[in-house]
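Undergrad: As a plain string of letters, each chain reads:
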Amino acid sequence: MKLTPYNNASTAAITKRALVIGGGIAGMQASLDIADAGYEVVLVEREPSIGGHMIQLSETFPTLDCSQCIMTPKMVEVSQHPNIRLMTYCEVEDVTGDVGQFDVRIRKKAAYVDREKCTGCGLCVEKCPTKVPSEFDLSLGKRKVIYVPFPQAVPPKPVIDAENCRFLTSGKCGVCKKVCEVEAVDFEQTDTMIEERVGAIVVATGYDLYAKEKVAEYGYGRYPDVISGLEFERLNSASGPTTGEIRRPSDGKVPREVVFIQCVGSRDREKGVPYCSRICCMYAAKHAMLYKHKVPDGQAYVFYMDIRADGKGYEEFVQRGVEEDGTLYLRGRVSRVFQHGDKIVVWGVDTLAGKKTEIAADMVVLATAVVPAAGSRKLAKALDIVTDEYGFYTEAHLKAHSVESGKPGILLAGCGQSPKDIPDTVAQAGCAASKVTALFSASEVGGSLLDLPMRFTASKSLRE
Amino acid sequence: MKIHYYPGCTLKVTATQFESSAIASAQALGVEMLELQRWNCCGTVYSLANDDLIRQLAPIRNLIRVRNENGNAVTTLCSMCLNTLKSANLLINENPEKKRTINAFMDEEEDYDGGVEVVHLLEILRDRVGFEEVRGKVTQPLSGLRASPYYGCLLLRPEEIGIDRAESPTILEDLLKSMSAEPIDSPYKAECCGSYQTVDKADLVIEKTRDIVSWAARNKAQCIVVSCPLCFFNLDERQKDLAERESGTALLPVFYFTQLLALALGLGAEVCGFQKHVIDPRPLLSSKGFI
Ligand SMILES: Cc1cc2nc3c(=O)[nH]c(=O)nc-3n(C[C@H](O)[C@H](O)[C@H](O)COP(=O)(O)OP(=O)(O)OC[C@H]3O[C@@H](n4cnc5c(N)ncnc54)[C@H](O)[C@@H]3O)c2cc1C
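In order, the protein sequence lines correspond to chains A and B. Here the working numbering is used: the first residue of the first sequence is 1, the next is one more, and so on. Here the working numbering is used: the first residue of the second sequence is 1, the next is one more, and so on.
Among the hints, a few may not be true.
To be verified - Quick list of in silico lysine-lysine cross-link-like pairs, PhoX-like style, CA-CA up to 25 Å:
1. K355(A) <-> K201(B)
2. K127(A) <-> K178(A)
3. K12(B) <-> K220(B)
4. K201(B) <-> K356(A)
5. K343(A) <-> K12(B)
6. K142(A) <-> K294(A)
7. K253(A) <-> K294(A)
8. K381(A) <-> K16(A)
9. K271(A) <-> K356(A)
Don't read these hints as lab results, they were simulated from the structure. These figures come from a predicted structure and were not determined experimentally.
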């Protein structure tokens, strides 16, 4: 099978500019690699700042280096790179064309702030009278209604959350506009559409965590001291709502016993998703360790099915948690979690001892399954690429073409393709970037650049 | 509204107070429960625990009886009956092949189409009558009654046929609130009561009863509210056994939700058959001024 390039010509010119969708570590890495090779990149991120989930993490396994220390310089590099055009608070609406010549329509969401004019002085944020739960801190902390999601945000320019803004909902207030010296606040702003032509696209939209309402037996959403792993990351972050002290949400007490439950939603064919989320064994081991470092007289328990520590230095890391930090591993599932007085009681089974166990804990941390970012299916439709039944983007061939989507010129990176840790994410992003630069180094599209991924998709569709 | 009613065996023997209070309460709320003229055993554990298709004949025959009387829906009170009838429906609707086999086998019966809806009385109260409507008809609010709902297993599981969310049900709580009673939440509310183990492993069931009742008592519940006759039997009868073994055990009366509903609707103790209980609930009820 031979692909007919754009405009039905037998070959087509290549626009040597790439679009990267998603500004997590995957999208940032891909953008930097392409930009360093000398090509232009348009990086589209739907949130007000780049950084993705990694900027929310405290310290990272297996080295326990601080996530922000790795991320912040990279984020700044992305924003200052002469070849990268950063478009935050934007979303890709529509894509037409083919490899070499994609036409992309991008929605620039109304921020109610002219972020070009804004100097990032922060006065508006300081003066804004309304506070709402912060998405970045997963509602454990608050933010203003005109806000930068977190102090190191890139760009450090605020947006207004229209739903909660007093001026936009009732016409009262307008303090931010009054104090802005450069007159950047603009309540009249509306969404605008921007068109770009690019030669290749890297899709790096990452993940979300499994919805908490779905794990009623673990009381998530009902009991404030049952939290998710990501919430634990925020509690453990120096920049987080407790300035890095492990204090439980309900009453701010330091928890003396903490239970970590793995495979919440993952590997659960009955009620959750059947696949393994791949990162939870490691981050639960990390959490237990970090907790013990902060609360030396505390005890961490981990309920697990089996430990999957297959990365470089990972098994050693888990062992260190057991030997040096006294993490108690219980092999078995938890059947119920409930509040009793000020304790969170955990009923589980220790299958090695063959006994039911009950732990009266102070806090419970759930390792909820990794699922594709909301909107992944919709984006896949716009890009005309395929997702699997869960919404992860499908690669052209799992082994031979694991970063190519089925559509030539569209590449995949990071957790949007499948759950993975940071090392794998960065490696895949670099690979996607090198495919893009290989394409751009050709003078026109044709031959093997088109053939290879198509051969695999063609044979795959024949099988189906 | 009128709806066909499938009683099942227990309702005619050990749980007559459940039936009488249910029929009277439903009537007071404008729901006429019409007992099927012919019915047989629901299939009980045999149809649930065995893959053999022949075990499905009992529940399906009952559903055919509903069709014989031109019915589209049937209500039941017992959790086991609800479960067997609903499971049989699900099985044959998902497996046309099995449906054909069963219909071919029962050549003396009309073919069953799989279309009879099976609903529990609690679902009728929630979805058709509405708890707000119930609240409006309450003449004797059960204010100050702290009741711990206990669902057991068969009302909620498996998920496809459960009447509420299996892990965090609230239908009994919502009903209790509509009668101004105070529900006491319990982690045991959707655990197993020990079920038929009561026949030859009474000790095991006594253990289960201890867990369920002592939690409720510690959390200041004054009674336990159930919907299943087997749960009722285990919690009532085995609680007495427990108290005989362990002095100082609090005795909590056990109610069918319909008994409390009947009282709240002002239908009086006559329809409630309280004399059948092992743990007499009348002292509690009279101390509250409800009887
Ligand atoms: C609790 C927890 C702890 C962890 N700890 C570690 C650890 O210690 N070490 C480790 O190696 N890994 C760890 N991980 C895994 C790590 O978070 C991921 O490997 C990494 O963040 C994946 O990066 P990503 O860029 O693929 O996805 P994300 O970080 O999810 O980034 C995706 C970005 O795309 C944006 N986006 C999504 N959809 C769109 C769209 N339609 N248009 C535009 N933008 C969009 C998002 O806003 C986001 O900024 C942890 C994960 C969790 C949950």
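Undergrad: If a hint holds in the structure, say so; if it does not, say that too.
TA: Results for each hint:
no., hint, result
1, K355(A) <-> K201(B), "holds, 20 Å"
2, K127(A) <-> K178(A), "holds, 10 Å"
3, K12(B) <-> K220(B), "violated, 33 Å"
4, K201(B) <-> K356(A), "holds, 19 Å"
5, K343(A) <-> K12(B), "violated, 44 Å"
6, K142(A) <-> K294(A), "holds, 24 Å"
7, K253(A) <-> K294(A), "holds, 13 Å"
8, K381(A) <-> K16(A), "holds, 24 Å"
9, K271(A) <-> K356(A), "holds, 22 Å"
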